[in-house]
Amino acid sequence: MTLEVRDLVVGYVKEVPILRGVTLTAADGLVTVIIGPNGAGKSTLLKTVYGYLKPSRGTVLHDGREIAQIGPKNMLREGIAYLMQGHSVFPRMSVEENLELGVWIFRGNREAKQRAFSEIYQRYPRLAEKRHTLAGSLSGGEQRMLEIARLTMTGPKTLLLDEPSVGLMPKLVDEVYEEIGRLKKRRFTILVVDQNVKKSIEIADYVYVLKLGENSHHGPQAEFKERLPEIIREWL
Amino acid sequence: MTTWSAVASADWRLSTLRVLKVAALLALLVAVPPLADNPFITTVFISALMFGLLGAIYDLMLGYAGLINFGYAGFMAAGAYGSALAWFHYGVNPWFGLLIGGAITAVLGFLTGVISLRIKGLYLALMTFFVGEALRFSISNTPDYTRGMLGLTVAPFPDMLGISFSRSNLLAYYFTLLLLGAVIMMAMWTLVRSKIGVAFKALREDELATESLGLNATHYKLLNFTIASFLTGVIGGFYAHYLGILSPSPEEFGVPRTVEVLTITYVGGRGSLWGSLFAGFLLIGFQEYFRGLGPIRLLLFGILLIIVMLFARRGIAGLKKYVW
Amino acid sequence: MDLAMYTDPSVLTEILLQGLVRGSMYALMASGLSLIFGILGVNNFAHGELFMIGSYTMFFIVATLQLPFVAGLVAAALVLFLVGMLIERGLIEQLRKRAGRDWLLDSFVLTIGLMILLQNLALVVFGSNRLGIPEMVSGSLIIGSIIISYERLIILAVAALTVLLLWAFIRFTAPGKAIRATAQNPEAALALGIDTMRVHTYTFGLGAALAGLSGALLISIFPAYPTVGLQPIVKSVAVVILGGLGYVPGAIVAGLLLGVIEAFAYFTMSAGWQNVLTAALVVLIMIFRPYGLFSSAKGERP
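Protein chains in written order, with this note's numbering: chain L, 1 to 236; chain H, 1001 to 1324; chain Z, 2001 to 2302.
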């Protein structure tokens, strides 16, 4: 599934657009990374793709289908999953209950639910161990794993990851990126936004730079790996 | 005429116009009751003015400092019973009783402010609600002192300056209230335009930011609440001697009463003293005049509040530009 | 106040029992309010009027249509479920679209307007007569020197059962989990495909149904009249604050606790003072434990 954004104009308040005509493509099965200085609008872009914000101009296409107007609650059914910035586990519910909500759109279909569950517990044995623990009492890293696992349960084709490593200790950051690497091997289409430029570019296939709500450079990962220090210097 | 002087003279014309409008309204207030020479009209005007003032005082707390007092009727009771009991048990002159009512209510306001320093918004509303209810129930549970639900009879004002204040001379009461009201409105108006008023507004917007600017939020919260309570107590005292009988029922000093004043302030527009005064006058005037309609009047109150919350969030003050 | 009385176990038991009956009433009334606050962030001050509509429904079904009591209970719950959904879609949702950052306060004031509207609508339509029904069941249970009327026992039983079912529904069923998810993180819930707007509507309906059921169940104690909702709302708000705003199990336990405390107060002080006691308790809790009795000092719930 290819995700395309064309000429997107979005703002929280109509008169103040955060994105001023952004265009990008997240190609099928590849990891596309968006980097840029603070306030560039990277998170706003993901929120708009997922329907939390309606663009005043431009389109969002998923596999050729126009999705800008369908709203966040219809996205999983469309095959796109979203890892929100910050905490998104349901803290006063158990790990298992969180995962149950991960397959909310499968309700009524017991087989699909069973399959999704057995698969997820196989892939993430640590979550299986802690299935009855309250999600709020898990460590930061474990919560992130739960969030990522919950994301993939319904078999989406495309993943949007908003600052997956923010607030985590370096060791956990590595773990999260190892996980993203595994997701990459499973051929998800992944669109990542992260402050941690070094780590995100490492796993990227393609990179976009966003500045002040507009496209700056973009290109395959190889181009960016060497030019990294000078790009970052540009922002400062 | 140069552009500049044209603008200046237009401005001058605008503010003269405004002064004229205010003067006209004031003239109506002063002239209508005596000219109508109808006791019913006078009682309507007294109630309307009283609630207009209460609405404005309530707005001092709500619209200017963002403090919502959902136990307001209890504060009114403090003023009313304060003055009444001072007369009833200790023979205090009702004129002086007004100050006593004000003082007692001010203390109540201060104490309430002290215990709710850290509490804001909805939670402050609920806290003040229970304070008000506690006071009301205390009054009704001490019939030996307050006559409780049996009702406390209160003397009218004694004659002063040769004017009779027997309850047949309603005009005397009206003009007393008008005078009192003018003083109160002037005082509040001066207050909100002073530096203290600016601090109040800052409090309403963002308490945290206020603190960071070095303003002591607690200090201003207490000041606002105490002043507003004092003024409420004075009106409460007037109410007691005007009405002649007090009882701590819910309709008189409970939730329904607080809601009346709150509705007036919301409909008049939070943050506009004159808007609340106007709204109170209008709403209660209408309600009293059409007393025969019964519960339909209050029904309209409820609908009005809903409409204001959904569609006219700035109240009458927001519509000012269309009519004023 | 004869302290010797307190050492008499039958007296204590009777007070306790009366307290639990009263408490179960409070728990039932307050659970709906707590649910609505927890999920929608609305401190529904019109909750007492929803109670009132339940009372009138019960009267209509049982006294006018001469149908059995159970029919009245069911009808009240259903009617209020619908009314609740209408209120949520027609008013609350409309405010949500237009409100700024003062949601808690603004929605509260909106419900105040609703309260006045419903009270006076009832007054206009039904008049101020108190429409009561004598008890569902007559007679009393006598154990030793303890006397409890069967009526009160039924109230206790139905309230307890309802509260239990409510708890089970929220805890174990899929819709219950969707409700909890919406309360804990609405954006995440939306991302997983949960229709949070629909959750809001159904939850308000459920909360209203609980209020209506209370009104119907308690009709032998609170007959149907326009302002019958005033006492229930005050008690419910007190219970919800004591139990922790939005924490339903807290409201249930707090309701029972308040019932018992009031029963003791009723026994020792003269009638009116229990209300002052309740008010004082609430004020104290708001000062020292603003998140309710069951939160840790940090304000987190268990």
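Hints were generated in silico from the structure; no laboratory data involved. Check before you lean on any hint, since a few could be wrong.
One-sided and incomplete, this derived list gives chain H residues near chain Z with beta-carbon spacing under 10 angstroms [unchecked claim]:
#1 Ile-1068
#2 Ser-1116
#3 Asn-1141
#4 Leu-1150
#5 Gly-1151
#6 Ala-1155
#7 Asp-1159
#8 Ile-1163
#9 Glu-1260
#10 Leu-1282
#11 Phe-1301
#12 Ile-1303
#13 Ile-1307
The beta carbon of each residue, even a glycine, is placed where N, CA and C say it ideally should be.
A quick look at each hint next to the structure:
1. Ile-1068: Where the cut-off is 10 angstroms and the nearest Cβ of chain Z is about 7 angstroms from Ile-1068 (chain H), the hint holds.
2. Ser-1116: For Ser-1116 (chain H), the interface hint holds, since the closest Cβ of chain Z sits about 8 angstroms away, which is under 10 angstroms.
3. Asn-1141: Status holds, d = 4 angstroms.
4. Leu-1150: 13 angstroms, violated
5. Gly-1151: Nearest chain Z Cβ about 16 angstroms off; hint violated.
6. Ala-1155: Violated: closest Cβ of chain Z sits about 27 angstroms from Ala-1155 (chain H), beyond 10 angstroms.
7. Asp-1159: 38 angstroms, violated
8. Ile-1163: 39 angstroms, violated
9. Glu-1260: 9 angstroms, holds
10. Leu-1282: Violated, because the Cβ-Cβ distance from Leu-1282 (chain H) to chain Z comes to roughly 17 angstroms (cut-off 10 angstroms).
11. Phe-1301: Constraint on Phe-1301 (chain H) satisfied, holds at 6 angstroms.
12. Ile-1303: 6 angstroms, holds
13. Ile-1307: 8 angstroms, holds
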